[in-house]
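Top to bottom, those sequences are chains Y and U. When we follow this note's numbering, the leftmost residue of the first sequence carries the number 699, and every step to the right adds one. When we follow this note's numbering, the leftmost residue of the second sequence carries the number 202, and every step to the right adds one.
Mixed in with the good hints, there may be bad ones.
[As the list claims (entries may be wrong)] Covered, in the sense of this in silico footprint (three residues per stretch, anywhere, with C-beta under 8 Å from a C-beta of chain U), are these stretches of chain Y:
1. 713 to 722
2. 765 to 779
3. 786 to 794
[Claimed, not checked] Derived contacts from chain U toward chain Y, CB cut-off under 10 Å, selection only:
4. Leu-212
5. Ile-214
6. Gln-235
7. Tyr-237
8. Gln-239
9. Arg-243
10. Leu-263
11. Ala-292
12. Lys-301
13. Gly-305
[Said to hold, decoys possible] Under 10 Å between C-beta atoms, here's a sample of chain U residues computed to sit facing chain Y:
14. Gly-217
15. Leu-248
16. His-294
17. Leu-302
18. Ile-303
Honestly, the hints are just simulated from the structure, not real lab data. Because the structure is a prediction, the values reported are computed rather than measured. Backbone N, C-alpha and C fix where the C-beta goes; we use that ideal spot for every residue, glycine too.
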Amino acid sequence: DAGVIQSPRHEVTEMGQEVTLRCKPISGHNSLFWYRQTMMRGLELLIYFNNNVPIDDSGMPEDRFSAKMPNASFSTLKIQPSEPRDSAVYFCASSYGYNEQFFGPGTRLTVL
Amino acid sequence: SQKIEQNSEALNIQEGKTATLTCNYTNYSPAYLQWYRQDPGRGPVFLLLIRENEKEKRKERLKVTFDTTLKQSLFHITASQPADSATYLCAHHGSGNTGKLIFGQGTTLQVKP
């Protein structure tokens with residue numbers, strides 16, 4: 699298995715633009731997690747899905763952030779409009795049940 | 202809030218020594234804790250999971266302990282090597298036995314040859 703796949707690996711955009719991050723979890727995993735990592739706040743959970751259903755989105759900063767999981771092999775995290783303070787590394791992780799999580803390589807987002 | 206705290210200061214040790222990292226949690230008693238390793242520019246990688254009824258768990262040169270009285274987990278790397286240099290994160294699931302992982306800030310370990 700290729701592991702968790704994220705795209706793009708790097709994204710540079712201007713304030714106000716829409717950003718879409720993509721994730722393909724490991725086949726057979728039924729839980730998917732979106733995290734954000736910054737030096738100041740560390741690794742924070744934004745939202746997680748179980749069997750494609752959003753379970754907890756209490757970590758989503760505000761309405762500018764939205765996430766979808768249309769099927770078991772794909773999820774997106776969208777920021778619209780983006781702001782400089784959204785600059786961070788965004789990780790997607792997947793697991794089977796609530797056990798060890800497998801993280802993707804991350805997307806480094808820079809909002810100018 | 203269910204906090205999980207790690208020593209934010211970097212830990213510098215000499216090759217061959219045992220590294221000991223600390224993870225403390227407050228306002229909650231997790232059923233289990235997880236430890237991850239993160240290298241620069243990469244995602245965290247799972248290392249060990251220890252349950253509350255397990256006082257100690259080992260994997261090769263790694264050892265994790267879980268003291269529910271002290272609300273603390275210790276992570277040990279014996280015979281440390283420069284390749285062990287990384288940031289180590291502990292995490293717990295929070296209340297409600299959900300999939301939500303709450304991570305500590307991580308402790309950066311530097312092993313000098």
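Hint check results:
Beta-carbon proximity to chain U at under 8 Å applies to 0 residues in the segment 713 to 722 of chain Y; the threshold of 3 is not reached and the given coverage is violated. Coverage of the segment 765 to 779 of chain Y by chain U is violated [criterion: at least 3 residues with CB-CB distance below 8 Å; count 0]. Coverage of the segment 786 to 794 of chain Y by chain U holds in this model, with 3 residues showing a Cβ closer than 8 Å to a Cβ of that chain against a need of three. Given hint, U:Leu-212 at the interface with chain Y, is violated; its Cβ is 17 Å from that chain's nearest Cβ, farther than 10 Å.
The interface hint given for U:Ile-214 is violated, since its Cβ lies 23 Å from the closest Cβ of chain Y, which is over the 10 Å cut-off. For the restraint placing U:Gln-235 at the interface with chain Y, the shortest Cβ-Cβ distance is roughly 7 Å, inside the 10 Å limit, so the hint holds. The beta carbon of U:Tyr-237 comes within 8 Å of a beta carbon in chain Y, closer than 10 Å, and the hint placing it at the interface holds. At its closest, the beta carbon of U:Gln-239 sits 8 Å from a beta carbon of chain Y; the interface hint therefore holds under the 10 Å criterion.
Look at U:Arg-243: its Cβ gets to within about 6 Å of chain Y, closer than 10 Å, so that hint holds up. Interface hint at U:Leu-263: violated, since its Cβ lies 14 Å from the closest Cβ of chain Y, which is beyond the 10 Å cut-off. Hint status for U:Ala-292: holds, given a least beta-carbon distance of 8 Å to chain Y, under 10 Å. The beta carbon of U:Lys-301 is positioned within 10 Å of a beta carbon in chain Y (closest approach about 6 Å), and the interface hint is therefore held.
For the restraint placing U:Gly-305 at the interface with chain Y, the shortest Cβ-Cβ distance is roughly 7 Å, inside the 10 Å limit, so the hint holds. At about 29 Å, the closest approach between the beta carbon of U:Gly-217 and any beta carbon in chain Y exceeds 10 Å, and the interface hint on this residue is violated. This hint holds: U:Leu-248 has a C-beta 9 Å from the nearest C-beta of chain Y, less than the 10 Å allowed. Below 10 Å, beta-carbon pairs count as interface contacts, and U:His-294 has one with chain Y at about 6 Å; its hint therefore holds.
Satisfaction of the interface hint for U:Leu-302 is found here, the shortest Cβ-Cβ separation to chain Y being roughly 6 Å, below the 10 Å cut-off. The closest approach between the C-beta of U:Ile-303 and any C-beta of chain Y is roughly 7 Å, which is under the 10 Å cut-off, so the hint is satisfied.
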